[in-house]
Structure formats: structure tokens, C-alpha cells
Amino acid sequence: MQLNQMYQEIILDHYRNPHGAGLREPFDAESFQVNPTCGDEVTLRVALKRDDAGVQVVADISYDALGCSISQAATSVLTDLVVGRTVDESMTILDAFKEMVQSRGTIEPDEDVLGDGIAFAGVARYPARVKCALLGWMAYQDATARAMSGSPSEASGNGAS
Amino acid sequence: MTSLDHAVHRTIGGTADTTVDTAKLRADFPLLSRTVRDNRPLVYLDSGATSQRPRQVLDAERAFLEQHNAAVHRGAHQIAEEATDAYESARARIAAFVGAEPGEVVFTKNATEGINLVAYALGNASIGDVDAEVAARFAVGPGDEIVVTEMEHHANLVPWQELCRRTGATLRWFAVDTAAGRLDLGSDPITERTKVVAFTHQSNVLGTVNPVDELVARARAVGALTVLDSCQSVPHAPVNLSTLGVDYAVFSGHKMLGPSGVGVLYGREELLAAMPPFLTGGSMIELVRMEGSTYAPPPQRFEAGVPMTSQAVGLAAAVDYLSTIGMDRVAAHERMLTEAALTGLAQVPGVRVIGPTSTEDRGGAVSFLVDEVHAHDVGQVLDDRGVAVRVGHHCAWPLHRRYEVAATVRASFAVYNTLDEVAALIDGVHAARSFFGVG
Ligand SMILES: Cc1ncc(COP(=O)(O)O)c(C=O)c1O
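Order-wise, the sequence lines are chains A and B. Per the numbering used here: the first sequence = residues 1 to 161. Per the numbering used here: the second sequence = residues 1 to 439.
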């Protein structure tokens, strides 16, 4: 059965018990993303802080999501992978995640970089679901860009399209 | 005559009684016998999005291209004559299929283009130097209203939003009664200010068949033009556009066993005769000078450029195919499938159908929600079992908002579907629930 390749146990676990869910204060920027093909949506907030060396670090990610198991689980895994990392590190992880899910299954994911994120390698074989996996990640990318540029105000985004 | 006629007039499945011999019929559709994913037989329940084509349609297209292909209405050579004859014969057969005159049928790329054609023609009647009589009939502007419904496909909503934006007119709409799955006729926004009433004949999500007579009567009472989106009705039941009394109607070839890239805009003869063009250029002119041009009578006025030709021929083959089965029989067959789907889904715990739950005034689009399992996930489990459905908002986002849901699963039927396929759908929904640990 191919279903189990897509819906790995890790994904189902994150879906049933999403990490970091809910919207929290304080935050530096917020992003709202929708998937125009299915209407799924996520509102995601990012709080940054400076570490002792003055480097920007992801202090918190909080979100409110309406979506399928893949999009919910991917957002949950995002928070696990990114909170506590520097913004630069988080962007490396984001690029690796994007590359993997957009690869149509041609890329062998690096577990050292992606951790639980490698469970989404199976999704890459289903082009229609790639946007689901990326919805929360695109919101993270957008919110972080806003936080860094100091324009936290909300504009309805379409980054997953 | 030509080999075309042999291709389209082969006998088709179906016997003297009212039932459709699906085993025989399905043999005409090569795609239906393929397998998907892990060698699962395909169960194609997405004909509302696009239907599959029988060999008769494919053969007609091929025969045209191999023997008669030329630019229509442009040459004096023999092949050009044949191509033009094939194209105009297609128009006549398609017109007859929906109770229209050939001159009332304009070929478009699809239904979406047909609606845009009307919206842009009205827009063109509203700006610049326009004949007073044309403006009186077709112009819209500030203070005027355009009425749609909350159950429209984006194709019959966004072009009207855009026309309002361009002209300053206001968009109003009939609400949907979510409990009944029907238009709330009491929410009537039609007034003396209404210029256009555009509505769907049959909802592509709810399956609801709207009361065309009633809506046409209300529109006529205030002198508004009616535009019927018949994308989901013409392929599935007998439809006579003249009897319905609408001013305009649209449908798409690819949803009625025909090719993609061809659709129809129907317009009452005298309206098309008076309406300004949308796309302009070659083939739609009468006289061209550097200073300005005059335009050909309809339907040519609305068919600028070299049109799709093999597609029109293929669509005519599709209506011949449907006519040979008989549209009453098509409708009866699909009603039986819809009934089975509604009954089967009602027995799955936690499943809620969006739309009417009986087959009365209802067609074969069945959209539903499964408690605690997102539509995408239901669709994925179905896909894994070879069952192709549509998931999402099916291009009717405001309707889904009205139901306060982001996405539904939609099974939609065509004449080639079987009760076994409905059973595969129901089994698949059970499987989705157990895969996600619900129930
Ligand atoms: C009710 C309805 N209207 C309009 C359309 C648009 O058809 P097309 O995309 O072929 O233009 C569709 C199909 O997608 C439909 O179901």
C-alpha cells in the first residue's frame, strides 16, 4: 500500500498532537497563508530574540491552522525543527525541506538537517499535496522576513501558490 | 458521405428499455479500463470536473484532421470548404441538441470564456462611443445591479465582479439555504435596478437544480437579461434552452464527453444580433478600413480568429453519442447512481452530505464531509484505492464559506459510471475513517 509511505506514523502523530499550536503573544510578525486550490489556511506568528552574541534566534512560533493532516503535521514539525535555532539555520532547514518536497521523490533527505521532517519525503511523490506540506513553512518564511524587515503588519499572502 | 459519419453513427451501448448497458458503453471509453496507483482498476468519479471521451469522439476528431483540416471560413479551395462544412454541421447538431438555432450558438474555448464574452460585451456597451440603442439594451453603470447566487462556480461570479468593478455597477446575490441545499428564493435581490441575473442551472457542488422558470420570470419582470450556466446540466439531462427562455447560456465540451478547448455560448438570436463584440480581429469583420471597421452578423461576430475546429467536430460527435443513448436515459441512469450514493453515504457514520439529500431536482454531484478527516485525506485514501474524486472547494469558495467548511469531497457521475463504482466509493469512505482512526 502506498498510503503508508505518505502517511508515516510520525506524520499521523504530529497531526493528532500538533506541537506548538495556538496563537501566542508576544510576537514580532504574523503571516496568513491560504492554499487557493483547497481553501486551507494558516495564521502563523514568529517571535525572535537576540542571543548573547547578538544573533537573531527563533524564540517562538505559534499558529492557528485549518487544514489536512499533511499541512497540520508539517507545521507542527516546523516548530520542532526551527524554534531555538538561529534565523540563518532555520532558513537552511526551510530550503532543505522545500527542496525535498518539491523533488518528486528524487532527493534523499538529510536526517541531520531535517529530523522528523524526512517523514514528508513520501509526500514529494504526490504533486497535489506539496502545497499542503509547504503551507505553514511559507507562512514561517513570510513572517520571518517581515520580522527582520520590521514590517510586521498583516497582508493577505498567497505564498503557497 | 465522409468517414466522419461512420465514426459518429456507430451504435452505442443501451437497449430498448430505459437502462444503460454500461458494460457495452464502457468499451467505448479506452481510459476507463486503465489502472492507477498499484494496479487498481480506475473508478472515475470526477466527471463534474472533466468527463472522459468515447472512441467515437476521438475518431471524429482524427478523421477530420486526417481528411478535412483547413482554416474555416477563409479559403476557396476544396479542403477549406469541407472544413467549413464540418464546422458548421457541428454547430447545427450542437444547436439542435440544446433546442437552439445554429445562429444562436457561438463557439468559445469553454464556458468560462462564454461568460466573459457576455460580461465584456456588456462592458463594451457601457464605455466610449456607443450607439444609443445598444447602450440602452446592454450598458451597465453606477446604480445598476447584477445579480448572481452564492452557489456559483467562480466562472459565473468573478467575471461579474469584474464587470461591476469596471463599470461601477453593484453585485447582489441570492443566498443559499444551507439546510435545504437550495437557493433561498426569499432573499431575492432582484429589483428595478437589476440588469443581469446570472445563475447556475445545476450546482457543481450541491447538485441542486435551480428553478429556472421562476428565476427567468422574476428577471423578465424587471427587464433584466438572464445568463444560465448550464455546464452541469447539458451533459446530464435533456435541456432545451429556447423553452427555458433564458437570454444566454454557456456550457463546456469537455464536461459532456467531448474535447477540451471548445465550449458554447448560446444567445437568443436578436440579442446576439444587437450585442457588441468582445474579441475582435479576423473572421469577425464585415468591412475593414484604416479609419474603422464594421462587424459580421452573429455567430461570426463573436468568433474572432481561426477557431478550434477538430474540437467542434468532436463535440458534435459527443452530442450525437449522447443523443443515441438518449438524454432521458442518461438522466435516469445518473439518478440511480446518485440515489445509491446518497443512500450509501447516509449509512456511513460521521458523513454529512452538502446539498439536497433526495434526488428530486438534483443532479449527480455529491459533495460531503467526513467528521474528523479532512477532505484531502479522504481523497488520498480513495485515490490509493483507484477512486478518483475531487477535493477542495471545487471553484465555489463562497459556497463553502457559507457552509463554514474549507473543503469537501465530491463524487460526480456520468453515464458510464456503475453501481459497483458507487459501492467502491462508499467502501473507500469507510476505509478512510478507519485509516485515520475515526469510528
Ligand atoms: C457549474 C460550472 N460552471 C462553470 C464551469 C467552468 O467550466 P470551464 O472551466 O470548462 O470553463 C464549471 C466547471 O469547472 C462548472 O462546473
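Hints were generated in silico from the structure; no laboratory data involved. Any given hint could turn out to be false.
To be verified - Facing chain A, from chain B, some residues (calculated, C-beta under 10 angstroms):
(1) Pro41
(2) Ala49
(3) Ala132
(4) Glu133
(5) Ser283
(6) Met284
(7) Asp371
(8) His376
(9) Val381
(10) Gly392
(11) His400
(12) Arg401
(13) Arg402
(14) Val405
(15) Ala406
(16) Phe436
From the three backbone atoms N, C-alpha and C, an ideal C-beta is built for every residue, glycine too.
Can we keep the alanine 132 of chain B interface hint, with Cβ of chain A closer than 10 angstroms? Violated, about 43 angstroms.
Could you check if glutamate 133 of chain B really has its C-beta closer than 10 angstroms to a C-beta on chain A? Because about 42 angstroms separates glutamate 133 of chain B from the closest Cβ in chain A, which is outside the 10 angstroms limit, the hint is violated.
Hey, does the valine 405 of chain B contact hint survive, CB to chain A under 10 angstroms? holds, 8 angstroms
Can we keep the arginine 402 of chain B interface hint, with Cβ of chain A closer than 10 angstroms? This interface hint is violated because 12 angstroms lies over the 10 angstroms limit.
Is the interface hint for valine 381 of chain B satisfied, with its Cβ closer than 10 angstroms to some Cβ of chain A? holds, 6 angstroms
Glycine 392 of chain B was flagged as interface toward chain A. Is the shortest Cβ-Cβ separation under 10 angstroms? holds, 4 angstroms
Against chain A, is serine 283 of chain B within 10 angstroms by beta-carbon distance? violated, 35 angstroms
Return the status of the interface hint for proline 41 of chain B: holds when the least beta-carbon distance to chain A is below 10 angstroms, violated otherwise. Since chain A brings no Cβ nearer than about 16 angstroms to proline 41 of chain B, farther than 10 angstroms, the hint is violated.
Interface hint compliance - methionine 284 of chain B to chain A, C-beta minimum distance less than 10 angstroms: Since the shortest Cβ distance to chain A is 34 angstroms, the answer is violated.
Hold the hint about histidine 376 of chain B up to the distance rule: shortest CB distance to chain A must be less than 10 angstroms. holds, 4 angstroms
Checking hints one by one. Is alanine 406 of chain B an interface residue toward chain A, by the C-beta closer than 10 angstroms rule? This interface hint holds because 4 angstroms falls under the 10 angstroms limit.
Taking the closest Cβ pair, is histidine 400 of chain B under 10 angstroms from chain A? holds, 6 angstroms
Of the numbered hints stated above, those contradicted by the structure are hints 1, 2, 3, 4, 5, 6, 7 and 13, listed in ascending order.
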